[in-house]
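Let's have the full structure, built from the sequences with the hints guiding it.
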Amino acid sequence: MSASDARFDVKVYADRLARAADAARAANVDALLITPGPDLRYLVGSAADSFERLTVLIIPADGSTPTVVLPTLELASLNGSAVGELGLRVVDWVDGVDPYDLVRDALPADARVAVTDTMPALHLLPLAARFGSLPVSATPVLRTLRMTKDDAELDALRRAGAAIDRVHARMGEFLRPGRTEAEVGADITAAIIEEGHTEAAFVIVGSGPHGADPHHLVSDRVIEAGDVVVIDIGGPVEPGYYSDSTRTYVLGEPSAEVASRLAVLEAAQAAAVAAVRPGVTAESIDAAARDVLVEAGFGDAFVHRTGHGIGLSVHEEPYIVAGNDLVLEPGMAFSIEPGIYFRGEWGARIEDIVVVTDDGVESMNKRPHGLTQL
393 MSASDARFDV KVYADRLARA ADAARAANVD ALLITPGPDL RYLVGSAADS
443 FERLTVLIIP ADGSTPTVVL PTLELASLNG SAVGELGLRV VDWVDGVDPY
493 DLVRDALPAD ARVAVTDTMP ALHLLPLAAR FGSLPVSATP VLRTLRMTKD
543 DAELDALRRA GAAIDRVHAR MGEFLRPGRT EAEVGADITA AIIEEGHTEA
593 AFVIVGSGPH GADPHHLVSD RVIEAGDVVV IDIGGPVEPG YYSDSTRTYV
643 LGEPSAEVAS RLAVLEAAQA AAVAAVRPGV TAESIDAAAR DVLVEAGFGD
693 AFVHRTGHGI GLSVHEEPYI VAGNDLVLEP GMAFSIEPGI YFRGEWGARI
743 EDIVVVTDDG VESMNKRPHG LTQL
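In our numbering, each residue carries its 1-based index in the sequence shown increased by 392.
Hints were generated in silico from the structure; no laboratory data involved.
In this text the structure is predicted, and so the values were computed from the model without any measurement.
Wrong hints could be hidden among the right ones.
[To be verified] Just the calculated beta-carbon pair ranges, DEER-fashion:
#1 Ala406 - Leu465: 25 to 31 Å
#2 Asp751 - Asp683: 20 to 26 Å
#3 Ala521 - Asp683: 48 to 54 Å
#4 Pro569 - Asp542: 43 to 49 Å
#5 Gly570 - Val528: 21 to 27 Å
All C-beta atoms, glycine included, are put in the ideal place defined by N, C-alpha and C.
As structure tokens, this is what we get:
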């Protein structure tokens, strides 16, 4: 990967496009239509944005050369992507030209197309009108490709994990009594970028009772001595792969109750990590964490799934949740993040990103898992 273009080698994208065409053909669709978002970045390394003017990658299932249709004024958005090196056909258009007709003209009139799940309705509906039917979702077509990370992706996830670990290692600089959650959050945001991310995608500083809200962000609450604080943070490293790690801290000496409950949570998280290996189901990993908490009497305090896939999106497949009988395979990457939440009092969560290996599991995060006293 070159630092200047923030993408992988062109051979990576050539392979992905070929496999995407094969997957489309196997799914009985004639073409994939990919607008800007994670799927486009996965397939050609383009981080272009989606606007009211249509930009779309057309991948024919017959293996013929893909086409990029985009506004002339957005041609620069292809700079740094693999489109040029891949030799893709580029069709640009100016205001006054109907881009949806250009897409229709690139394919048979009766083509069955699948679209990326991030395609805005303002593009989906005109395309449906041009093809005479509502397109199907490309997510099932691309699911296996994006769920199973290749070596280049795994290296990016390792770099992301190490970068967010460095931020957690600095928490003593930021987290102390008398500061507001917002003040701590601002320092963490800066540190996320300082430690190698391109931006801070999310920063949760849940102190005291706010820790009992899993999706609390930050507030003007002043952090107090004795508070249990949930810090859930992450962001992308080039070329767009995310970190996501949660640790729980206490300001001062924890009570015996807090310490004992956190020990149970640590055991639940460790049990789920230890259960990861090829051939087991996603729901079995959720059960490994949940069973520990239920046995300790904290089943009702665990109010969400155990994990989510991660890569070019913070949340993607596979989802580690009851009812998901997906069989895990090497290269699948996801979070393991059980939590316990006591409304009006405090909460706690421990989260690592892990990847399924040929014979077990690799964790992308190395920071201590127990309650960290500051």
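How the hints compare with the structure:
1. Ala406 - Leu465: 25 to 31 Å: holds, 28 Å
2. Asp751 - Asp683: 20 to 26 Å: holds, 24 Å
3. Ala521 - Asp683: 48 to 54 Å: Given range 48 to 54 Å: holds, Cβ gap about 51 Å.
4. Pro569 - Asp542: 43 to 49 Å: Hint holds: Cβ distance 46 Å, inside 43 to 49 Å.
5. Gly570 - Val528: 21 to 27 Å: violated, 55 Å
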